[in-house]
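Put chain B on the given structure of chain A with help from the hints.
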Amino acid sequence: MSTAFLFPGQGSQQVGMLQDIPVEYLERVAKVTGYQLIDDPQNYEDTVFIQLALLVKALFALDEIQKNDIVPDLVAGHSLGAFAAAVACQTLSFDDAVWLVYQRAVLMKAAYPSGYAMGVIVGLTRDEAAQVVQETFDPDYPVYLSNENCPMQHTISGAVIGLEKTLVVAKQKQARTAKLLKVPVPSHCKLMQATVEKLTPYINQLTLQPATCPYLKNTDGRLTQDAEAIRQDLLANIEQPVQWRQMMAVAKEMGMDLTIEFPPGNTLTKLIHANFGEQLIRTINISQHGIDDTTFLYRKWR
Amino acid sequence: MEKPQRNWDTKRVQKAQRLAKISQLMTGKYVETDQIITVLEALIAPGDKVVLEGDNQKQASFLSQSLEQVNPEKVNNLHMIMSSISRPEHLNIFERQIASKIDFSYAGAQSVRVAQMIEDGKMKLGDIHTYLELYGRLFIDLIPNVVLVAADKADKAGNLCTGFNTEETPTIVEAAAFKDGIVIVQVNEVVDELPRIDIPAGWVDVVVPADKPYELEALFTRDPQNITELQILMAMMAIKGIYAEHGVQSLNHGIGFNTAAIELLLPTYGESLGLKGKIAKNWALNPHPTIIPAIESGWVESIHSFGGAPNMGHNPGGRRHSTPAWQSLRDEEKPLGKGQKLVVQMVETYGSNKKPVFVETLDALAVQEQASLANAPVMIYSEDTTHIVTEEGIAYLYKATSKEQR
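Residue numbers (the working numbering), protein chains in the order written: chain A, 1 to 302; chain B, 303 to 708.
One chain only, chain B, in its complex shape:
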């Protein structure tokens, strides 16, 4: 008996069919700036999973503004995947019924409208993920049909350079390109020769010169004069009571004033404790100017520019480390004990509204109920947090054996 004929390249065929619809608009991989709405209407099908690049710094703003203008009769019911909901048009596409569902990580800059639209049923929520989870899922079960990203420069062939603001662009492009999704890139500039190829042309389907450079808001400049005396006190406690105590050498910092104060104090207070060369040598962080004195005075051996507390403020269970910091948290009585990453939360006991920061229940529970989420959207779980530093002192949570002690 003969097996029925089966087609094993449906995705590739489908992609080719979609691209064929715009072949007359393309010169190589390029389309004209003013053709972008027609191109989006041809390449995006109703119900598609679409990644729109945008985080708390860099936005594919030309493409998001263009997506807002497509005809909802042609493009609708999209399932958006965005690490950060940060621009008005990210929500206007739901208002116009171009999109209906979303998976995301952060919506700080648009949180009120997001809450309204979920409540009004204009936006169906997939889930609120941690960043690492969201990017990982792009390759597993949130595989995009189309991605809309931004790059600094492209050459004639369609190779891309992302300049100083690479961010998550390559990850998003790979997630589509390796699974026959369509990659559409807005570029600030077209050049003959790129200074560096960050993304090869083979992974790119459509390049469009943007009407103006992508929106960029560099957030990570912390003016030292805005660091408060309380933050300095807490930084001194962290340096002496945690970094020195556990011999912390490899570390990630968040972007707040609390950690900026620690960085600033290393060459002065840290030096006075004789800690140079013993702590804070290998860094993963979004560097801002407060780290410069530590670099210039020889404290810093390396920096990998990647960061953010929500990414790093958890303890992945499968990891192990032989560094003094991990080993210092090992339970000596357990033969298979492997220590733990230190997760330090720095917080003042009263917020800017003069109300206590420590609460009986997190409002994450109310959010979960309101948005019908499977999990309460907690960024860092209590069992991962090893220390809390406040102006009152340091809580060595990892030493606590019961909830009461914590």
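With the rest of the complex left out, here is chain A:
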């Protein structure tokens, strides 16, 4: 019996999602970073806004959940979600997470201000998706295979022109879905190598604490409670594929039988169902159930 806290990454953002966030949270972000979070549809094109807004959205829900004595046995965040996961296992403080994500997003945006994105391919195996990426590779508009979300769902990252070409071929090869994601940067591939180097001095300034429960690493699907291993994971995940399938398989093997997905959206809950069916693991989605019902269900099932 174990409960996992799951935190989504870029692509889950929805216009208006900051409406219910108390103003103190937004003020604290402004104080730490100098950046004003304004829930304006235009801002949803900007990775700096998206990343900070997603983090604050998750951390507000985390505070509310923790007030009700709900504690995780495992934490896992998808890409940017890893920073909220690191807060949930008390490795990072709220302020440090906000500051670090701000630096990360600014560097990512500076590296690829426009013309780059991510896409998703559903219905092909990893090998088949790799084949499509290889066949359509164009050095002028490079595309790389990135995250593995479940055995039949993978993301690709790179130049938009290249992505569009690769997605068309994926469709021809019987992919069920092949489309662009709402992510305006080419995360989780080698295009981000220089960004990792630039972020290194920032993350090395921070003091991270050993995790209070196992944290699942994005980069290799391993469990760890070691502060340095988590630091490396938060840093390297920008340029390495997120091993979400492997992370969830390990969580399941550790006895995960209840997941709580933090807002916004329900992407990770759907991936639990895709990976394990709908019977084996109970799923709670805070965006759908709200804090009160989440608390009720947690107490009923725990």
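It should be emphasised that the hints constitute simulated quantities derived from the structure, not laboratory data. Some clues are possibly wrong.
Pairs of lysine-lysine, DSS-like flavour, derived with a Cα cap of 27 Å [said to hold, decoys possible]:
#1 B:Lys313 <-> A:Lys179
#2 A:Lys270 <-> B:Lys657
#3 A:Lys173 <-> B:Lys656
#4 B:Lys514 <-> A:Lys300
#5 B:Lys424 <-> A:Lys270
#6 A:Lys179 <-> B:Lys514
#7 B:Lys514 <-> A:Lys252
#8 A:Lys173 <-> B:Lys424
#9 B:Lys701 <-> B:Lys636
#10 A:Lys165 <-> B:Lys657
#11 A:Lys252 <-> B:Lys657
#12 A:Lys171 <-> B:Lys701
#13 A:Lys252 <-> B:Lys313
#14 B:Lys313 <-> B:Lys376
Showing chain B alone in chain A's frame:
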């Protein structure tokens, strides 16, 4: 010249020395539940070969959770022997460096972490065995120093009853007891009189009442409403094209829905073909409810409760049989031909991920390379398989004379 004095009972002496360390904690063969970690630290030495009982149903869960809590400075570098790696703590003992090497048969429930730990060098792999090989080797060259097993009940003397879930407990206990290994048993309940003695007290060294009953997950209930139409079609083909064709009377079934469908169809479809009394009379299997109609309608003469495809799905070269099924596979032109056991594989051509099940190369080869195994971990070899049944039809592989024909 006088021969130097030699000691011919080193193992017995060593065992007595180890047990003497916990003599003050023992009342007869019993130790207190909350003393178990101290007991394990005293009785298990670094580098020991340790069997931890656990299969896909029954787990010595109190002992595995206790082993996870021993001090790695006292107990380390263990060589674990487990038929099934199935619980988180089975791997946590490697994470904590209590154990370093493993021989096992099955890791389905923990396969991702096993692969990670082998890759990371946290777990050294002895080998991946078939079940029969692993149990056999416990008596030959994987002889355990300590075994940790589970029983339902024990009496005051330390006799054990394993109830409905005997599984491999007696085999593991014998492997240690007959070679001066130490047998530690967790029990659910201590009683004055046992309903049945399955393991005598003389083979048992330490009995510990568990904090809660051992973990039991009965896997072998197959809900008939989950059997698909394709499985029914394949079952009909197997009954008519294989069981009737070869007069199969003694048989072992796996635990999947495919064979469950065959069992269910015997009293209806089988009856309509006039096969009652001619096929499927003497069974070796892990029985589940789909066999009940065949029992009630008089098809089944006997059942020995033992099973699993990986155990039985091979053709032991030294056996011979005079039954019609074996004889029907005999090569008439060879005077010493002895026939063969029928090994039938039932499989749909596309898996649940909509990808073909029949592949050019097995991923067992990749596993072999990744884990540096001497052999690719294949469960059933092609030369042993006599028939393959798919929704497309039956392949009579034993009739093929070349690889192309197969």
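Status of the hints after comparison with the structure:
Simply put, Lys313 (chain B) and Lys179 (chain A) have alpha-carbon atoms about 68 Å apart, too far for the 27 Å limit, and the pair is violated. The hinted pair formed by Lys270 (chain A) and Lys657 (chain B) meets the criterion: a straight-line CA distance of about 21 Å does not exceed 27 Å. Note on Lys173 (chain A) and Lys656 (chain B): the hinted pairing holds, with a Cα-Cα distance of about 14 Å set against a maximum of 27 Å. A distance of roughly 23 Å separates the Cα atoms of Lys514 (chain B) and Lys300 (chain A); the hinted pair therefore holds under the 27 Å criterion.
A distance of roughly 33 Å separates the Cα atoms of Lys424 (chain B) and Lys270 (chain A); the hinted pair therefore is violated under the 27 Å criterion. With a CA separation close to 52 Å, the supplied pair Lys179 (chain A) and Lys514 (chain B) exceeds the 27 Å bound. The hinted pair formed by Lys514 (chain B) and Lys252 (chain A) meets the criterion: a straight-line CA distance of about 23 Å does not exceed 27 Å. Between Lys173 (chain A) and Lys424 (chain B) the alpha-carbon distance is near 40 Å, which puts this suggested pair outside the 27 Å criterion.
Between Lys701 (chain B) and Lys636 (chain B) the CA atoms are separated by roughly 15 Å; this keeps the pair inside 27 Å, and the hint holds. For the proposed pair Lys165 (chain A) and Lys657 (chain B), the alpha carbon gap of about 25 Å is at most 27 Å, so the pair holds. Pair hint Lys252 (chain A) plus Lys657 (chain B) holds up; C-alpha atoms about 24 Å apart against a cutoff of 27 Å. Using a Cα cut-off of 27 Å, the hinted pair Lys171 (chain A) and Lys701 (chain B) is violated, with the two alpha carbons roughly 42 Å apart.
Straight-line distance between C-alpha atoms of Lys252 (chain A) and Lys313 (chain B) comes to about 42 Å, which puts the hinted pair past the 27 Å bound. With a CA separation close to 21 Å, the supplied pair Lys313 (chain B) and Lys376 (chain B) stays within the 27 Å bound.
Hint compliance for this structure: hints 1, 5, 6, 8, 12 and 13 are broken, all remaining hints hold.
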